[in-house]
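Keeping the supplied structure of chain F fixed, place chains A and L upon it in accordance with the hints.
Quick mapping for you: the protein sequence lines, in order, are chains F, A and L.
Taken in order, the first sequence gives residues 1 to 304; the numbers are from my numbering.
Taken in order, the second sequence gives residues 1001 to 1868; the numbers are from my numbering.
Taken in order, the third sequence gives residues 2001 to 2218; the numbers are from my numbering.
Treat each hint with caution, since some may be false.
Stated by the list, open to error - Here are the computed distance ranges between Cβ atoms for each label pair: (1) L:2044 <-> F:168: 32 to 42 Å; (2) L:2153 <-> A:1142: 55 to 65 Å; (3) L:2062 <-> F:95: 26 to 36 Å; (4) A:1005 <-> L:2045: 33 to 43 Å; (5) F:95 <-> A:1778: 57 to 67 Å; (6) F:101 <-> L:2200: 51 to 61 Å.
Since the hints were derived computationally from the structure, they do not count as laboratory data.
In this text, a Cβ means the ideal position worked out from N, Cα and C, and glycines have one as well.
Below are the chains, spelled out letter by letter.
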Amino acid sequence: MSNKIHHLVQTMFPPDGSGLKPYEWMVNPTRQQQWIDNQGIFLWLAFFFSEIGAGLYFVSLFYEFKAGLILGWLITLILGGAIHILYLGNPLRAWRMIMKPKTSELSRGIWIIGVFAVMGFLQIISGSSFNVVFNIIMGILCLLIISHGFATMNVIRALPAWSSTMVLPLSVISGVWVGYQLLQFMFVVSKPAEIASGMEVWAEVFFFAYVLCIILYAWGTYHSSEIGKESIIMQGTGELKRISLIGVGGLGVALPLILTLIMWGGDTNAFWIFLRLASVFAGDLAVRYVIMKSAVYKPLLTRQ
Amino acid sequence: MTYKTDEIWEDKWVNTTCGVCYCGCGAKVRVVNGVPVKIEGIKESTMGGANAGLCGKGTAGLMYYHDPNRIKKPLLRTNPEKGIGVDPKWKEIEWDEALDIIATRMKKIMEDDPNKILFTNQTMRASDGPHNHPYFYAQAFGVKNNGNFIIGGGSLHCGNACHMLGGLIHGAWSIAPDWRYTKYVLKWGSSKGTGSGHSAMTNARLRADAVRRGIKEIVFDPMGNFAGGKATEWVAILPGTDTAVGLAIANYIVNIRGEMDEIYLKAKTNFPYLIKDDGTYMRHVESKKPLIFDSREGKVKEYDDKSLAFEDCALDGEYEYEGEKVRPCFVPFKEHLKQYTIEWAADVSTVPAAKILEVAKGWLDNAQIGSTITLEGKTYPYRPVSSVTFRGSQGHSNGIHQVAAIDLMSQLVGAEDVPGGTLGWPAIRRAYPGGNYEQTCTVGTDGVIVPSVFYSHDPWPVHAPSYPATNMGCVDLWTHCTLSHIPYVEEMEYIHEKLGMKSKPEMIFGISANFVISNSDWATAVKNFKDCFVVQLDLWVNETDQAIGDIILPDVSYLEKDCWSSEIDAFFFSGSPSHEDWYVHMQQPVAKPVGESRFFMDVYIDIANRVGVLDKFNAKLNSYYGVQDPELQIKPGEVLTWKQIGERFLKWVYGKDADKVQKQGYATWNKAIDDVYWRWNIDTRCPVYMEYLIHDKRGMKKIFDEVGFDLWMDWDQYTPLPTWFWPESHKDLDNEFDLIAFSYRDILHTNNTTFQNPYIDEVSKMCPYTFTITLNTTMAKQRGLKDGDIIWIENKYGVKENGIVKTMEAQSPKVVGIAGQGGLWADGRPIAKGKGANFCKLLPAKFRYFDPVAGNMETAVAVKIYKD
Amino acid sequence: MPRWGMVIDVKRCIACWGCTIACKEEHFLPPGVFFNRVLIGETGKFPSSSKLIYPILCNHCSDAACVEACPTGATYVREDGIVAIDDTKCVGCRACLVSCPYQQRTYYDQKVKDKEYFPGQGKTEMELIGEKLYPFKLGTVIKCNFCSERIEDGLKKGLTPGKDEDASPACVNICPVNARVFGDLDDPNSEINRMIMEKKGKQLRKEFGTEPAVYYID
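Just chain F, with the same shape it has in the complex:
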């Protein structure tokens, strides 16, 4: 390759990994970059952590497990919240988002996190932590937080891959599933074996629901619109192909499936559960990554 052409290639195909030729921007279906590329990667992590934290908190309510509440609360606020604020251009102004709960999904989410923070703190420090009313309120708050990230994405009409119907159910179930895995792992290392083993029935349910949601998401989005189709195609081709195959297919679905079958009927042990947790963790990160990365805008330049 001559020097000249090397220069030209650099110019026309920016090495920022976006794969976007400048002259195809909004002329062809154009990938969203803001919430995944560069700094946007923070948001991916923030959404993940706040949701699995809330998921852990949520399932811990059913098992009245305080350590789970504390860890869930911490993950949501410290990992989820802090990373979230780091992503902001003006972190010091973050308080403004609380001032306008009516304006947007995003500020409603912030409100919910705020309420969750306060109420959760109270629940954790109070003597009678697992009071029914408290549980119900916290349960609802957890579900709202779990779905917060995807709900924020879901309201964006401009990105059909995010606004498709299965996005919310998928996000709720993924939060619960990963949270449940965390809890199961906490139990298996700290409690009698039969407790973790007894949890396996629900683990099976959550897992298959999760897989079903992924399939329904992909199928539904593919058939929702031309652009939705574009997103799903993008997930299965190009640079996302590897992540979809290994991350989502391998770590999110296949490996947990194998492990679930191994442990079928409650035949659990700490190693398998840890392995499944790690796999599910990575798999769910991959699911979110692929969904965020493959969202495309409808081109403006088509036959109007």
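Chains A and L alone, transformed into the frame defined by chain F:
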């Protein structure tokens, strides 16, 4: 997001002239705290876009001033070796030293032969007027003809044949549709109104109004991009085959429908002129004037005989004069056209026969032959059809016939220089009320118009070919080349030797030219020019400077230029073809010169003074502007700056309003309707039958035979009848080299200088075609190519260029398209470096690839393409 | 109160990019930032394919997706219909940026600010004066403001936006082919309303329900 107005201590707009292409639109520049920050058009101006409109590249012109890569001091080459890829090892020197080296060298050459110095101007960089001055500057040094040599011009891709026939038919440098009244426009390789070209934004504005009004615009072009992409209909055609379609339509008009504007043909063309068997005019025994047969009186008369009514000029029949058989030249013309059937044209051009027929019908039906229109109380024939051509279609080895065939359609229906038809512009200029500078055309021999405003080689009257050649361009022999092609051909030395050219150039004194990479084969350009001592005034060190420059002097950009004359004498690039006020801009400096840069006119004066020819130059200036007032003339011994000269000359040009004009930066005055359709009112005849070519051929051939000139040349093209000839690029096609590469002008770019502008660079990347090589989508697929692939394009002589593929549907499957002059490598222009692909280098610089008549380069080339 | 809007005549537009570059100069935009762009593509198959050219800018939607997404109210629709950003309230969450179906917003951070038109050669006088005269706040989102400062200044001087250069957006002024007309959408007699009616003006991506104030005629 608000303006911090409290930070502003100076905020002004300065009126000037845009200098980013040669169109010279009115422009005003906003200067805040001494920094130029914005450019717009001038609302009151008819030169340029609508209201305060200006095109993107004009708007981006600010960067010419802000570019840190501008040369700040004169540079001297210290490495005696020259060539592409050789480091010149520049050394900064003082102006005085630089000018001294130049003047000393010039004096020494002049003792031997002043013709060995080539002076050249540029349209490469900008309408950085004054355009014409290098010509008479050269004369002041004793240079005879300067070889019609514009190394810095739009290169030979520009309009040799167009200008030649524009001059002969319209008395004008260029042509445009009469947008205001036309209904049906055919464009052939021309972007008038949609992109580049003379008066680009003036035409764009007029065209936009016309398309809104609902005109039909049909574009014949290998690609549907700037012109075709905006047309009512784009018709894909192979490069260089427009003649075929044009002649087929002419045949349809004359021989199939037989509906012509006969009165026009009798009154305004040479069709009734009587010719002998050998095709030459039968001339009056005494007056030597061509003759016409008066059908009413049954008598042969001189063409301008007062007793001859137009309607009585015979177009057919056979007569006798002085015992010799004669006939109107329309007779063989008509017969000649019969061979050009629509089916034949479809085969040659790839335009479907049905489409040609449809256009031919549309043309004739819209022509409204016989109708008239009354404008401002004056009645004119009304022919709302216009057929225009420019760079694209004429840039072939058959260029002269391309232009003649396209023009022929208009001639046959009388749609020339009348409302709705094709207008030649600008051809005349009226003086400012109370001022003195006026240019109008005269009628020359045989009733042919003599243009008053023309660049370089005058088209009429045609001088006889003469031996020996006295200049590098050998225009003594090539009587029709507006700009000579000889300096670029590989066989230059052979041609010079055979034609007795003794003044082998030793020095070039140029302005911002980049002819090494912007014309044809780079190696030939370097070979032909590297032995010269090359001095250039430039903004940056460009490719030519880096390859062969010896001294580079820092020039000012148009934003720093104080030039009162920039548009006075360059209005043939910029005026409005329509019925709009006359308008002339000046260039006023909006900022101080960058570094030690100096305006080239002042450098001209300084050098002329050092060499001792300033008085001669000043005398030429006096006569060029026609200054008759002794008070205002430059007197012998006077050394004035360009600004000081302007203070005097503007008084001559604008009379008592000179101060006012100078203050506002422009002048505007009324243009009468008769000045738009001026040609209708004077008694001239278009030499549609190109009889003069017979004489040229005889004169040239005689000399060539005598000197034993044995390079192949297509002498057949010297025929008075517009005729089909295959362009050289098509002759080169075979199984391996199976595609024709062509280039086109991108609206964002003026040759290659704009590549260095970061604003333009930025948006160029957002254009799919500007920095890429375009291929038809299906054709690319068949060859296993897709968007983003890197390909090589290679010509038959092993010259190759690479670039990135962009496929498009709107391109003929048999061609490869490249925009402009990319593929740049000069270290002095880092933004430009490496952008786009260079088309020019693929053009073979061999003698046979040039139009034998007008000297056009064949700007298409047979190539093969393959993946990197 | 008027509601400002624009009509873009696609038939007139020749894709010269004047709007894009004039806008950059008007707002001293750094490299890579555009409030105005031109989209170029094509439709159809050879030989009857045709070129598509669409100049785009912020649509100043009356039901704007960006406003809906903004968590702080920093992005809002002004009384005159202009979608504005209060950079003292923007937290830089970029929800607006992601939400805009027209992708007309840019996040302004140090990386964007540091870009030079002549890379590695320092900022030019023009870039430096721009940062002083027309500063953007780091960590906020910026976009086309319909040149609201020009409109406001013009109105103060008694001028008419869309008619007088000093009261009209820079992209309208620069257009050499009169492809942009600016005016009041609430005035039934305005030129733009007449054009929208006569030529059946279309909004871009109407299906998103954003109600753009920019119309296209063909």
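May I ask you to test the hint 33 to 43 Å on the CB atoms belonging to residue 1005 of chain A and residue 2045 of chain L? Since the Cβ atoms of residue 1005 of chain A and residue 2045 of chain L sit about 54 Å apart, the hinted range of 33 to 43 Å is violated.
Within 51 to 61 Å or not, the Cβ separation of residue 101 of chain F and residue 2200 of chain L? 41 Å, violated
If I claimed the Cβ atoms of residue 2153 of chain L and residue 1142 of chain A lie 55 to 65 Å apart, would that claim hold in this structure? 59 Å, holds
Range hint 32 to 42 Å: satisfied by the CB atoms of residue 2044 of chain L and residue 168 of chain F? Taking Cβ atoms as reference, residue 2044 of chain L and residue 168 of chain F lie about 40 Å apart, which means the hint holds.
Distance restraint evaluation - residue 2062 of chain L, residue 95 of chain F, Cβ atoms, bounds 26 to 36 Å: Holds, at about 29 Å.
Hint says 57 to 67 Å; check whether the CB-CB distance for residue 95 of chain F and residue 1778 of chain A agrees. 59 Å, holds
The structure shown violates the earlier hints numbered 4 and 6.
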